[in-house]
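Sequence lines, in order, name chains F and V.
Taking my numbering, I'd label the letters of the first sequence as residues 1 to 117.
Taking my numbering, I'd label the letters of the second sequence as residues 118 to 228.
Treat each hint with caution, since some may be false.
[Claimed, not checked] Here are the simulated DSS-like cross-link-like pairs (lysine-lysine), alpha carbons at most 30 Å apart as the crow flies:
#  : chain 1 : residue 1 : chain 2 : residue 2
1  : F       : K62       : V       : K174
2  : V       : K185      : F       : K78
3  : F       : K11       : V       : K185
4  : F       : K62       : F       : K78
5  : F       : K78       : F       : K15
6  : F       : K11       : V       : K159
7  : F       : K71       : V       : K174
8  : V       : K227      : V       : K185
9  : F       : K78       : V       : K139
10 : F       : K62       : F       : K15
11 : F       : K78       : F       : K11
12 : V       : K174      : V       : K139
13 : V       : K175      : V       : K139
14 : F       : K15       : V       : K159
15 : V       : K174      : V       : K154
Please keep in mind that the hints were generated in silico from the structure rather than gathered at the bench.
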Amino acid sequence: EAEVAQSPRYKITEKSQAVAFWCDPISGHATLYWYRQILGQGPELLVQFQDESVVDDSQLPKDRFSAERLKGVDSTLKIQPAELGDSAMYLCASSPGTGSSGANVLTFGAGSRLTVL
Amino acid sequence: GENVEQHPSTLSVQEGDSAVIKCTYSDSASNYFPWYKQELGKRPQLIIDIRSNVGEKKDQRIAVTLNKTAKHFSLHITETQPEDSAVYFCAASSGRVDMRFGAGTRLTVKP
């Protein structure tokens, strides 16, 4: 079964340091999402890509967060500098994209758990 | 953008009873409504979804109903089992952008 790959699974860092997360979506999926999930809450959309283009980053704290998907395949989410409140699970998801069967059916990766000390 | 509210935040039922979780959405353009189950420490997994052209969908013990006029949809689990214990999330999407999630419902099924 095709999976969304994420790394690292766990990251512990000190505040003010830079962190980066990587996501490889299911092959052929045009749409890629980054969500942040704080313990006990629902996933919060940070950024959504359609191929290499950002279609929604309204909830991304752009002063410290950045995301890219340069070739429309894998993606990187960066935080610099990290703050204590950034401790959360960062989930990547992908979907086939508009015009495809099951266009917006999301498949999640296992997530990257960030702890900021 | 879309705003999804989910109730209750916690739900405890006896094994064999039914469980109902309700969600409301704000964007009338939303046309796709999935439900995800997340077990402790694991990724959310899609369990059922419904599109706006139908009012109800059923898959064995789970069903989802949609009321477009009132902008709410519900998850129904019948004959609950201990393995149904998890956090359940509803979501809503207009199809191109804004897959927004509710805050989640922690379901506990007591044997």
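Report task. Hints the structure violates: just list their numbers, smallest first. Result -> 1, 2, 3, 7, 8 and 9
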